[in-house]
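Chemist: This is what each chain is made of:
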Amino acid sequence: MAALAESFGRGAMTNHWNDIKNSDCILVMGANPAENHPISFKYVMQAKDNGAKLICVDPRMTRTAAVADLYEPLRSGTDIAFLGGMIKYIIDNALYQKTYAANYTNAQFIVNEKYGFDDGLFAGFDSQEKRYDQSRWAFETDTKGVPRRDPTFQHQRCVFQLLKKHYSRYDLKTVSKITGTSEEGLLAVYETFTATGAPSLSGTVMYAMGWTQHSTGVQNIRAMCIIQLLLGNMGLAGGGINALRGESNVQGSTDHALLFGSWPGYLKVPRDSHKNLEIYNKKSTPISNDPLSVNWWQNYPKYAVSFLKSMFGKNATADNDFGYEWMPKCKDGRSYSWWKLFQAMWHGGIKGFFAWGMNPAATCGNVNIIRECLTRLDWMVSVNIFDNETSAFWHGPDMKPEEIKTEVFLLPACAWVEKEGSITNSGRWMQWRYTGPKPLGESKSDGHILMDLGDKLKSLYAKGGTFPDPIHNLKWDYTTNGEFDPHKVAKEINGYFLEDVTIDGKVYKKGTLVPSFALLQDDGRTSSGNWLYCNSYTEEGNKSERREQKDAPNNIGSYPEFAWAWPLDRRIIYNRASVDLNGQPWDSRRWVVRFDGQVKDGKYIGGKWVGDVIDGGGMPLQHPDGSENEGGRYPFIMRAHGLGQIFGPGLADGPFPEHYEPLESPIANNFLSSQRRNPLLRYSKKVDLPATDDPLYPIVCTTYRLTEHWQTVTRLVPWNLELQPQVIVEMSPELAKMKRIKTGERVFVVSSRGKLECTAVVTHRFKPMKIVDQTVHQVGIPWHFGWRWPAGGKEGSANVLVATAVDPVSEIPEYKAFMVNVHKK
Amino acid sequence: MELTRRRFFQLTGSACVGFAFGGLGFDLSPIEAHAQQFKLEKARESKTICPYCSVGCGAIVHTRIERDQRILNIEGDPDHVINRGSLCSKGSGLYQFAENENRLTRPMYRAPYSKEWKTVSWEWALDQIADRIKKTRDAGFIHKNDAGDVVNRVTNMASMGSAALDNEECWLYQTLLRAMGLVYIEHQARL
Numbered sequence: 084m085a086a087l088a089e090s091f092g093r094g095a096m097t098n099h100w101n102d103i104k105n106s107d108c109i110l111v112m113g114a115n116p117a118e119n120h121p122i123s124f125k126y127v128m129q130a131k132d133n134g135a136k137l138i139c140v141d142p143r144m145t146r147t148a149a150v151a152d153l154y155e156p157l158r159s160g161t162d163i164a165f166l167g168g169m170i171k172y173i174i175d176n177a178l179y180q181k182t183y184a185a186n187y188t189n190a191q192f193i194v195n196e197k198y199g200f201d202d203g204l205f206a207g208f209d210s211q212e213k214r215y216d217q218s219r220w221a222f223e224t225d226t227k228g229v230p231r232r233d234p235t236f237q238h239q240r241c242v243f244q245l246l247k248k249h250y251s252r253y254d255l256k257t258v259s260k261i262t263g264t265s266e267e268g269l270l271a272v273y274e275t276f277t278a279t280g281a282p283s284l285s286g287t288v289m290y291a292m293g294w295t296q297h298s299t300g301v302q303n304i305r306a307m308c309i310i311q312l313l314l315g316n317m318g319l320a321g322g323g324i325n326a327l328r329g330e331s332n333v334q335g336s337t338d339h340a341l342l343f344g345s346w347p348g349y350l351k352v353p354r355d356s357h358k359n360l361e362i363y364n365k366k367s368t369p370i371s372n373d374p375l376s377v378n379w380w381q382n383y384p385k386y387a388v389s390f391l392k393s394m395f396g397k398n399a400t401a402d403n404d405f406g407y408e409w410m411p412k413c414k415d416g417r418s419y420s421w422w423k424l425f426q427a428m429w430h431g432g433i434k435g436f437f438a439w440g441m442n443p444a445a446t447c448g449n450v451n452i453i454r455e456c457l458t459r460l461d462w463m464v465s466v467n468i469f470d471n472e473t474s475a476f477w478h479g480p481d482m483k484p485e486e487i488k489t490e491v492f493l494l495p496a497c498a499w500v501e502k503e504g505s506i507t508n509s510g511r512w513m514q515w516r517y518t519g520p521k522p523l524g525e526s527k528s529d530g531h532i533l534m535d536l537g538d539k540l541k542s543l544y545a546k547g548g549t550f551p552d553p554i555h556n557l558k559w560d561y562t563t564n565g566e567f568d569p570h571k572v573a574k575e576i577n578g579y580f581l582e583d584v585t586i587d588g589k590v591y592k593k594g595t596l597v598p599s600f601a602l603l604q605d606d607g608r609t610s611s612g613n614w615l616y617c618n619s620y621t622e623e624g625n626k627s628e629r630r631e632q633k634d635a636p637n638n639i640g641s642y643p644e645f646a647w648a649w650p651l652d653r654r655i656i657y658n659r660a661s662v663d664l665n666g667q668p669w670d671s672r673r674w675v676v677r678f679d680g681q682v683k684d685g686k687y688i689g690g691k692w693v694g695d696v697i698d699g700g701g702m703p704l705q706h707p708d709g710s711e712n713e714g715g716r717y718p719f720i721m722r723a724h725g726l727g728q729i730f731g732p733g734l735a736d737g738p739f740p741e742h743y744e745p746l747e748s749p750i751a752n753n754f755l756s757s758q759r760r761n762p763l764l765r766y767s768k769k770v771d772l773p774a775t776d777d778p779l780y781p782i783v784c785t786t787y788r789l790t791e792h793w794q795t796v797t798r799l800v801p802w803n804l805e806l807q808p809q810v811i812v813e814m815s816p817e818l819a820k821m822k823r824i825k826t827g828e829r830v831f832v833v834s835s836r837g838k839l840e841c842t843a844v845v846t847h848r849f850k851p852m853k854i855v856d857q858t859v860h861q862v863g864i865p866w867h868f869g870w871r872w873p874a875g876g877k878e879g880s881a882n883v884l885v886a887t888a889v890d891p892v893s894e895i896p897e898y899k900a901f902m903v904n905v906h907k908k
Numbered sequence: 215m216e217l218t219r220r221r222f223f224q225l226t227g228s229a230c231v232g233f234a235f236g237g238l239g240f241d242l243s244p245i246e247a248h249a250q251q252f253k254l255e256k257a258r259e260s261k262t263i264c265p266y267c268s269v270g271c272g273a274i275v276h277t278r279i280e281r282d283q284r285i286l287n288i289e290g291d292p293d294h295v296i297n298r299g300s301l302c303s304k305g306s307g308l309y310q311f312a313e314n315e316n317r318l319t320r321p322m323y324r325a326p327y328s329k330e331w332k333t334v335s336w337e338w339a340l341d342q343i344a345d346r347i348k349k350t351r352d353a354g355f356i357h358k359n360d361a362g363d364v365v366n367r368v369t370n371m372a373s374m375g376s377a378a379l380d381n382e383e384c385w386l387y388q389t390l391l392r393a394m395g396l397v398y399i400e401h402q403a404r405l
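Quick mapping for you: the protein sequence lines, in order, are chains A and B. Read left to right, the first sequence gives residues 84 to 908 (our numbering). Read left to right, the second sequence gives residues 215 to 405 (our numbering).
Don't take every hint at face value.
[To be verified] With a straight-line cut-off of 30 Å between C-alpha atoms, the simulated DSS-like cross-links for lysine-lysine are: (1) K253/B - K539/A; (2) K483/A - K332/B; (3) K358/B - K571/A; (4) K256/B - K546/A; (5) K261/B - K414/A; (6) K125/A - K332/B; (7) K546/A - K253/B; (8) K349/B - K365/A; (9) K539/A - K349/B; (10) K329/B - K385/A; (11) K626/A - K253/B; (12) K261/B - K488/A; (13) K414/A - K332/B; (14) K626/A - K332/B; (15) K329/B - K877/A; (16) K488/A - K329/B; (17) K253/B - K558/A; (18) K349/B - K541/A; (19) K332/B - K877/A; (20) K358/B - K423/A; (21) K125/A - K253/B; (22) K633/A - K261/B; (23) K349/B - K488/A; (24) K521/A - K253/B; (25) K358/B - K397/A; (26) K358/B - K213/A; (27) K521/A - K349/B; (28) K539/A - K332/B; (29) K358/B - K541/A; (30) K633/A - K253/B; (31) K483/A - K358/B; (32) K261/B - K521/A; (33) K358/B - K539/A; (34) K838/A - K329/B; (35) K574/A - K256/B; (36) K349/B - K358/A; (37) K358/B - K558/A; (38) K256/B - K521/A.
Hints in this document: simulated from the structure, not taken from any laboratory.
Make the full structure from the sequences, and use the hints.
Modeler: This is the structure we're talking about:
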């Protein structure tokens, strides 16, 4: 998501599921929707029926690959090399969408003289601290602070020229050597996908954890963002970058900030140096002096103050900075992600731990270490529908309960179907769910448990305690007749007018719901628990409950009144880039928005946008006579400069993606530079024990999901377990022959961290690859299991093998590429 | 051929009456009709969204009005514009995810160094948890950093979770954690 935010402004799937049918070419890379998002594949097949091409690139021949027009394997962990080759192909053959690249992206911006790239390192590398001085990558600006630009792309230091130079090294031969994909195969993929650079054609990409779970995860996605901006595919129906989220509400839970670094709606968590609200707002609000840039984040203080009003209600006042000081601050530059969390736990710094609807002892990297960490706690609370490896860690393999002090509270949560509330799918659709049966036994909804716990804490702190203010002042009135009431919270998330407010001559009465985040205020007169969801629950009602069957007039599958989509019910984000400079669609058949303007003497004198909810207001950038429109607005309104970022100076590990080998890889060298690994890569040297070019661990391993299972949950569902009852390891017949292994035999897969017993599946889905003069074998293991279920404890977690190495920006572990060996039991 | 309960649901759960005949070699239409009537008369209908992947498919839940008031069946919602009634290999088994014998139904507690779970009451469990939170928080609360800046954070407690919560619960959850002062807040999005 960090890559999408850096490139376009928001960290979310840009289009939505039904929209995939509109595409002319679908690249599936780092995902396997036919098996993991099966219903989405209906729209892929519809696109194919309409003549679209389906391309699949994956180390393993998946069911997605099986129906693709073009399937090419690659060595796991080499996606940037693969995509870098495509960038070079686009530039060499001038296949980019010229008007789009010149006007809607920062390809024309000029980068300052201090930027450079040499032998795998960008300018400003501090080898001691292992970080970059990102100020070396800044744009050159004019006296007003607006980036200088060269729309002809001739300037030596313009982004386009730097891009060209950077990827000039990614020739077919080198890319083939790294990825193991044949030169013909690379060329076929490049030719097919880049054809969507034609203005009237749209190409999309579907990716998932196959891209994120690498030590270069964020940059894998950045590479594709660059391609989509060059080809002019962002904003179009059938275009965009579609991140396939793995869980039903991982989008919503991220929007609502269940991550250390953000407050709801992607506001930033305050840091130590943000001593008061004014400093915090100032540091968090980007500035643009370009009159054509909407720079939507200039509204930041309105959203921050409205959030604090939702947190603390009437106790948040202008006099006390709206309770800003009651909110915890994070150390400047410090991460509190899962692996920092477990490092702290390992060293005894964490005494109490909540695992709320989560099973880290089966799902984190290097889980043997995670399980050991749990023994060092004083207490743990696990809230779940089932007992699992986390709550039961104290009687797991190699554990001695009589020596483990950790107290464990296991609270039964009810099932999704026994409560009411909303979830947000990958396509940003917020959908309401209703109550079927009552909670089973004594189980309760998470909302109910939270309310009860909050009440208990409030009454304890009413009697005194350390710094009771935030707990005491917390607004906590979300029950009706003693029961948790999700409607009350949904309304709080949307936000209220707290006084009569007059905006543009219209009076909004106190106590009414705010109809749009454009009306939120920074002076405490409005509340909004999450500005991004403002408009979801208004005086018109709960929009996530809508089930209107009518499609958009040109049947592009956007169903504008079915459920509700953030932001402001917009179905395709960045839709402003789907039109030309005059505001007319690049593709008139599958148009998303268009400007219906009143024209006088070749100039727009008024008019309105029709179709999807337009991204930002204002007019098209050009008048019908081709002159510049001062009332025009750039398309990427969430970026300060209003343009899609081909050059992304905001990511810690580089403004352009560069290929590095995974933490563990079968080859000793990076063929592109002397930097073998991501220079900012972080891993725990003591527990990860990286094996590279190591004869003990010569086989590349990757992990994935099966179509019969979901996460670590469905192994408890007898029907699903019957379909896939065991941990398997898939391997090629060539490797199986070498190891004398037959399908159905139990084998051990070992890495430098752990050992897992699996049932062998010998299959042509994997093929040995030629990497230079070396034959590289790859195997794969689904990760759905763990010792607790199924009963008997014979099916362990694939994550005992995985390192804790993380991407330096997202801190997602490298589950998708590590080294192992396989032998018979 | 014995018509098992499972097979019955597989066939009657489908909206395609026409296929029933081919599947079993005899005409199931009367049973289909009976099942439809049964669902209408003896069950309450509610709509839901699949809790598994992020596609967001719609499903219809039939809950028995009488007796145990438990779920009778879950099937794809034909009026849902994403899935139009279809469900995948996981979604088709949703019934068994909710009606599952392995589900936890009572709060449990494992004391230090104990080898077993003990069933406890909600009241007791939440009292104990609130007590542990308060003791831990009060012992480790960091009011100011070394430079003297007010930071008001708690680093001796951590929480992970959850994309399995509803939006409203997520919002409430982060609200409570942040009021407690937690900074170690993490969930599946990063894993």
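Chemist: Holds or violated: are the alpha carbons of K261/B and K488/A at most 30 Å from each other?
Modeler: violated (44 Å)
Chemist: Does K358/B pair with K397/A here, judged by a C-alpha cut-off of 30 Å?
Modeler: holds (26 Å)
Chemist: Keeping to a limit of 30 Å between CA atoms, is the pair of K358/B and K541/A held or broken?
Modeler: holds (23 Å)
Chemist: Given the hint that K626/A pairs with K332/B, does the C-alpha gap stay at or below 30 Å?
Modeler: Roughly 44 Å between the alpha carbons, so the hint for K626/A and K332/B is violated.
Chemist: Given the hint that K329/B pairs with K877/A, test it: the Cα-Cα distance must not exceed 30 Å.
Modeler: holds (21 Å)
Chemist: Mind checking the alpha carbons of K546/A and K253/B for me, to see if they're no more than 30 Å apart?
Modeler: Given pair K546/A, K253/B is violated - Cα atoms ~53 Å apart, limit 30 Å.
Chemist: For the pair supplied as a hint, K539/A and K349/B, confirm whether the alpha-carbon distance does not exceed 30 Å.
Modeler: holds (14 Å)
Chemist: Holds or violated: are the alpha carbons of K332/B and K877/A at most 30 Å from each other?
Modeler: holds (26 Å)
Chemist: Starting from K539/A, check that the Cα of K332/B is at most 30 Å away, please.
Modeler: holds (22 Å)
Chemist: Holds or violated: K261/B with K414/A, Cα cutoff 30 Å?
Modeler: violated (44 Å)
Chemist: Under the criterion that the straight-line Cα-Cα distance not exceed 30 Å, is the pair K256/B, K546/A satisfied?
Modeler: violated (51 Å)
Chemist: Can the restraint linking K483/A and K332/B be considered satisfied, given a maximum Cα separation of 30 Å?
Modeler: holds (18 Å)
The structure fails hints 1, 3, 4, 5, 6, 7, 8, 10, 12, 13, 14, 17, 27, 31 and 35 (numbered hints given earlier, in ascending order).
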